[in-house]
Amino acid sequence: MKLYLQFGHGMMGLCRDLLPDMPGSTVILSPRDLNETQIENLGKNITCSGGTTLLDPQLYAPRCDHQKLTKHTYWPADYSTGNIDYNTVLSALKTLNDRANTSAFILPGLYCERVTDIWCNIHDDIISAAERYSEKKIGTLCLSAETLRFQDQLDQLLLKTESWNVDGYYVIAAHPDGEYLVDDPVWLSNLLSFCAGLKLQKKEVILGYSNHQMLCSACAGVDALASGTWMNVRSFTLDKFFTPDPDDVKRKRTWYYCPQALTEVKPEFLDVAFQRSILKSLAPLPEHNSHYANMLFSGAIPTTTVYNEPISFKHYLCCLYSQCQIASKTNFDEVIAYQRKTLKDAKKLIDFLHKHGVRGQKRDFEEYIDVNLSAIDIFEADKGFLVKRMWNLL
Amino acid sequence: MIIVPIDQLRAQFPLLQNIAELKIGGQKVVYDAVHSDHGNVVLKIVLRDGKDPRILREIEIVKINSFPNVPSIYEVGNVCFNNNSFIYICEKRINGFDLRTVLDSKKQLPLAEVLVFLDSMLKTVAKLEVQGIVHRDIKPENVLCDEQGNYWLIDFGIARNTREVSLTATNANFGPHTAGYASPEQYRNLKRQVDSRADLFSIGVVAYEMLHGFNPFLQGAINIIDVYMKTESFVQDPLAILGDKNNELSGFIQTLMQKNHTFRPPSAAMALSWFSEITKTLNMEII
Chain A
0 MKLYLQFGHG MMGLCRDLLP DMPGSTVILS PRDLNETQIE NLGKNITCSG GTTLLDPQLY
60 APRCDHQKLT KHTYWPADYS TGNIDYNTVL SALKTLNDRA NTSAFILPGL YCERVTDIWC
120 NIHDDIISAA ERYSEKKIGT LCLSAETLRF QDQLDQLLLK TESWNVDGYY VIAAHPDGEY
180 LVDDPVWLSN LLSFCAGLKL QKKEVILGYS NHQMLCSACA GVDALASGTW MNVRSFTLDK
240 FFTPDPDDVK RKRTWYYCPQ ALTEVKPEFL DVAFQRSILK SLAPLPEHNS HYANMLFSGA
300 IPTTTVYNEP ISFKHYLCCL YSQCQIASKT NFDEVIAYQR KTLKDAKKLI DFLHKHGVRG
360 QKRDFEEYID VNLSAIDIFE ADKGFLVKRM WNLL
Chain B
0 MIIVPIDQLR AQFPLLQNIA ELKIGGQKVV YDAVHSDHGN VVLKIVLRDG KDPRILREIE
60 IVKINSFPNV PSIYEVGNVC FNNNSFIYIC EKRINGFDLR TVLDSKKQLP LAEVLVFLDS
120 MLKTVAKLEV QGIVHRDIKP ENVLCDEQGN YWLIDFGIAR NTREVSLTAT NANFGPHTAG
180 YASPEQYRNL KRQVDSRADL FSIGVVAYEM LHGFNPFLQG AINIIDVYMK TESFVQDPLA
240 ILGDKNNELS GFIQTLMQKN HTFRPPSAAM ALSWFSEITK TLNMEII
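Listed in order, the protein sequences are those of chains A and B. Okay, so the first sequence: first residue is 0 according to numbering that gives the first Met the number 0, each after it adds one. Okay, so the second sequence: first residue is 0 according to numbering that gives the first Met the number 0, each after it adds one.
Just chain A, same shape as in the assembly:
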């Protein structure tokens, strides 16, 4: 499994810095955060650095009013579900993809509140309109948390995806209640089953807007996770595509990601660990290949170092890049065993940290260990027989 960089705010400089650490990486460009000239220039820079690009059309929301997004030439003038000329949209998007030098053409997809005939028909139209393009095509499946809660919805969708002539799917799974980490094992196990279903249909699967909780999707044979800087590119929310309310200013905090605990903590809690002489237990392991947070473990009090947001993002993405690679295994039994071991080891470390007063607050993974273990158990019990045997063909 690979890590793709999900472009978001503050990502421009990060891409330049991270690409040498992540050879051959793919960056999913975001029209919400880039104008067309920036898309073109960044696309060139990334490909010159040995990376590849994709372009997320972000046409999820009807009547989306985000100013930057709606300025793009491909954006429909009257964007309602019934009267979009997808030939025109695709033609403009294709031009933009060419300018960005993308490796595949991500087709637009509407946010799916429920899998209805209308939603399916619109996507039939989009995919049919894309038939004239010979490029590798990736369909977008942007699913509400409600859709992911119900297996019959996903079964219905899998019957459709089987017939759509695309090479892969860019799956965007809205989290229940917009939470960063998901506490619903049914949602998560359904997502695993759905992704496995797409893989069994011989489609490439990119799981967009993801965070480290989705490392378990390696069990479903997912090809790539896409993640980025802020929470709004690590979990999907439609709000991101509307003009922000000026009163809705969120406080930004710096976090440190401890990959072996799957937990993020604020530097103040690293100070606690420093004081309790257990700071080293939070340092990334050599296999995580991240040097960005070294300053935190150099002997200084963590909050006195220059560890800041951009560094924390680089550290997070660098660790996740390695964790994605490590999570890939040659057979299903190994991947399942590895996921279980990772979660159990994380639990032990979290318990140890808690005993010493080191906590991740809202980003503490303690209560999500069981969620992931449960989802993996359900997935293995329900689909394990088949996925195990089909593993090499996924």
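Source of the hints: derived by calculation from the structure; they are not laboratory data. Please read all numbers here as calculations on a predicted model, not as lab measurements. In this text, a Cβ means the ideal position worked out from N, Cα and C, and glycines have one as well. Hints may be right or wrong, so weigh each one.
If you want a taste of the chain B side facing chain A, the calculated C-beta under 10 Å gives, among others [said to hold, decoys possible]: (1) Q192; (2) S232; (3) P237; (4) S249; (5) F251; (6) Q257; (7) T261; (8) F262; (9) P265.
Straight-line alpha carbon distances no greater than 35 Å define the calculated DSBU-like cross-link-like pairs of lysine-lysine that follow [to be verified]: (10) B:K258 with B:K126; (11) B:K258 with A:K135; (12) B:K126 with A:K201.
Chain B residues, not near chain A, derived (Cβ > 12 Å throughout) [said to hold, decoys possible]: (13) R9; (14) V28; (15) N81; (16) G219.
Based on these hints, arrange chain B on the given structure of chain A.
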């Protein structure tokens, strides 16, 4: 309905002896007889219009192809009684009982017999698959168990050759099926999705019924809608099968019965191959 007197049958079929009525169904009358060349046979007189495309298709499918565990058709033709023309089919007689009769008397069957059933049906469906044929009606009533313990698949009345034009209207709400054994894509008439995986689903349901003594979709269902709901919401507990220490056979049957065909084995040939591997893992000494 027309009852053909036995003496008229004798006159029309001089090579048949000991003709006796076996069964009168909705579409045909079936007789037991001994053929001077082929031995024990059944003679089917099709009561409906002899040009019924489903009947013709059934004959075409079975007669042209030689499938394992499917009784051979020896002769087909038209016969006239009381100035009416009918189709007749003379085929190999399987001495035994249909699986429904067996299940009604024994409820559950030993694993060894279930394994023979699975092996026979998977081999048959794998051969059908090569020809693009889907039986679409595998159920205990259409499986015969002979005196040697072999299982035979009969009644290709609603079989479909996926390479030919469908006989069911595309906009029909329901495709031909037997509720409780048919897969969701089959009864929902999602034609493009119906392939050999629909037969695998039915084989899984019958195997489950043989092991447990009940059909999980029909058991306790108050009406046909309830059967469909159970078919689409059923979650199988791991079957505790003696000798199946790694739950491989249990997982196999569960996979055959997946409501979404994406999660069933991708082909009957692959299912057969997996089944062969699984049988090697079973501890036959304790079965």
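Going down the list of hints, with the structure as the test:
| no. | hint | in the structure |
| --- | --- | --- |
| 1 | Q192 | holds (6 Å) |
| 2 | S232 | holds (8 Å) |
| 3 | P237 | holds (7 Å) |
| 4 | S249 | holds (9 Å) |
| 5 | F251 | holds (6 Å) |
| 6 | Q257 | holds (8 Å) |
| 7 | T261 | holds (5 Å) |
| 8 | F262 | holds (6 Å) |
| 9 | P265 | holds (7 Å) |
| 10 | B:K258 with B:K126 | holds (23 Å) |
| 11 | B:K258 with A:K135 | holds (31 Å) |
| 12 | B:K126 with A:K201 | holds (24 Å) |
| 13 | R9 | holds (53 Å) |
| 14 | V28 | holds (41 Å) |
| 15 | N81 | holds (50 Å) |
| 16 | G219 | holds (21 Å) |
In this structure, every one of the numbered hints holds.
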